[in-house]
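Student: Next come the chains, spelled out residue by residue.
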Amino acid sequence: MHQHEPNDWKKYIIVLFITSTIFISGLWLSNYFNNKKVDQLKSIESTISLDLMSSETQFDLLQELSCKDISTTVLSSELNSLTEKISYSENNIGIENVDVISLKKSYSLLEIKDYLLMKRITERCGQKSIFILYFYKNDNCDDCTKQGYILTSLREKYPNLRVYSFDYNLDISAIKAMISIYKVPDNLPAIVINGKVYSGLKTVEEIEKTFPELESIKVEEPTPKSTTKTTTKTTIPAVKTN
Amino acid sequence: MESVYTVVFYVFCFISVYVQLFFLVTFLEKRRHIVHNPENLELSSYPTVTIAVPCYNEGATIDKTVKSLLSIDYPKDKIKIFLIDDGSTDNTWSAIQEFKDNPSIVLLQKENGGKYTALNLAIENTTSEFFGCLDSDSLVHPQALKRILKYFERDPKTMAVAPSIIVYNPKNILQHTQKIEYDMAIYTKKMLGFMGGIHVAPGPFSIFRKKVFDDLGSYHKAHNTEDQEIALRMQEHGYKIDHCPDAYVYTSTPDSVIKLYRQRLRWIYGFIKNLIDYRRLLFKKEYGTIAIFTLPSGLISLFGVTFLFINILGNIIKFFYNKIIQIQTVGFSHVFNFHYQFDWFFVSTKSALLFSIILYILIIIAVMIGKKMVEGKYSFSLSIFYFVIIYSIIAPFWVLRAMYNAVISKESNWTFERRITNNQ
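In order, the protein sequences belong to chains A and B. If you read the first sequence in my numbering, its first letter stands for residue 20, the second for the next number, and so on. If you read the second sequence in my numbering, its first letter stands for residue 671, the second for the next number, and so on.
Hints were generated in silico from the structure; no laboratory data involved. All figures in this text were calculated on a predicted structure; none of them were measured in a lab. Check before you lean on any hint, since a few could be wrong.
Counterexamples of contact, computed for chain A against chain B with all Cβ distances above 10 angstroms [claimed, not checked]:
1. Asn26
2. Tyr31
3. Thr38
4. Ser100
5. Ile120
6. Lys156
7. Thr164
8. Lys165
9. Ser172
10. Asp190
11. Tyr201
12. Lys202
The list that follows gives simulated cross-link-like pairs (lysine to any residue, SDA-like), each with its CA atoms no further than 25 angstroms apart [to be verified]:
13. Lys988/B x Lys30/A
14. Lys156/A x Lys954/B
15. Lys30/A x Ser967/B
No residue lacks a Cβ here, since even glycine has one placed at the ideal position from N, Cα and C.
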């Protein structure tokens, strides 16, 4: 006598279609914005690359210039903001995203080029600068997270300290060459300070004790001269902390 | 692990959006069928009706409930009110004596056995064509009965009609939050009514044809959610349950988190156990919407709530863990050393966030339609945000506990939460 109301299969399918359309649009929109972000990062990298070329050219012309005329900070605010943005993209777009990996590789190359150039300028002009090369990995490395925090706090304390972070496992020959040159072990984190390699977690105090010359760059942190590339930074970027 | 999590999240999100859209499409399709009865509604005939009020230690509040029943606009000789004292240990029995001379009222007393036993006693003692109950802390709108009976008059196949339950006199934030939830439930229940998929005939003032009990038997002991069991039994046998949006019943709701927790623990526990008892219905297309839509979506929502909660909790733990590591490593001063500058780049464009926003918009639309059905106009209230935030935080606790209790079969006590209604 009693009968169930028949299922309205048509409606089930229509709603499925609407929901799928919304989801596909959402995925497309998200992908669209992510691509925009990747484009923005590419544009920043391109600017930095140009800056670097400009500095290299300046350096080549050094014989004809005095040291005070040359830019002393190629690690410009653009490169700083790039550090944060690449780290953010790894978390939000995906650590295995092809674009993000590619951006990270170019970023690492820019860092190496900046490091080499800065080293040459420092030697040529007799500046007191300290460079830290920091090697980390993304997976299963709590100490890398801690080392990241430590280096960030060191950067805050010594704004002239240059920290270059490298993903140990990034498949790029230049990083592999550095690992080989400095004999960086796979016991991470590892830091290379002025050519010497230290493996395992190093606290702020340990780094300061090992490098008393850090004090000198702290003292030397004056009001920046107005140069073509200003050293004034509105933000101090975090060092990669996984 | 990350990708498994993402897939699970998308699946839950997809199903939740699907369910809300299903309601919305049903609303757009059927909105002209939502009848608002006039104040002076008349029925073509006035059948006999029995309303049972089971009372357990309700001496202080029963008076108001009975008076609301006596003020119902219905011929007095056609309505019987059964006041059943379910073995109260307070003054309930003496309190209801004041009504003993009223010809519409029948007083019954029995040993305590739970609400369903009180209702069954009333069913045994009635010969009315229609039967309903009212919890002893609920009040009923004078026109509610006529409006409900009009549904039976219009469609002889309708075997039960559920009312719209409205939070009575909400005072604190928690009660305002529940008001939002109840308003939304009015909308979803009406849509389920259109689809033939109502899974609970709420305790307060659901009206049944007496034939339902004659055919299918009286109330069964069913994990303290007998109002759900009877609805599932009816659905199994193809007995139509509808919903009357303008039959208002005002009910008192828990005013503290702990009371709300106990009430919901019982509801969710009952839902899970009844679902297990009626698992034979699941996904069988011959049982209609209840089997294909209502029960599966209810079940999935339990897992969805649990999953989201674990995810949010995981993120919170991760955040604090990282902060602790940071403090341990470099001290306090660096942790709170913010250098924040707004940059559009850091605005999340994750699709998961987008889908969550769509889902919340659909929920807000559902609440607004519910409010329109109750108050007659679309209105937006800030309580919607309290609702989303408070329920996101506390609902997982009763869901998880109910799931745990269901596994170990630990029932909550009916008397434990007296003065909290049995409505859903």
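Student: Now look at each hint and say whether the structure bears it out.
Tutor: Outcome of the hint check:
no., hint, result
1, Asn26, "violated, 6 angstroms"
2, Tyr31, "violated, 8 angstroms"
3, Thr38, "violated, 5 angstroms"
4, Ser100, "violated, 8 angstroms"
5, Ile120, "holds, 16 angstroms"
6, Lys156, "holds, 17 angstroms"
7, Thr164, "violated, 6 angstroms"
8, Lys165, "violated, 5 angstroms"
9, Ser172, "violated, 4 angstroms"
10, Asp190, "holds, 20 angstroms"
11, Tyr201, "holds, 24 angstroms"
12, Lys202, "holds, 26 angstroms"
13, Lys988/B x Lys30/A, "violated, 42 angstroms"
14, Lys156/A x Lys954/B, "violated, 52 angstroms"
15, Lys30/A x Ser967/B, "holds, 16 angstroms"
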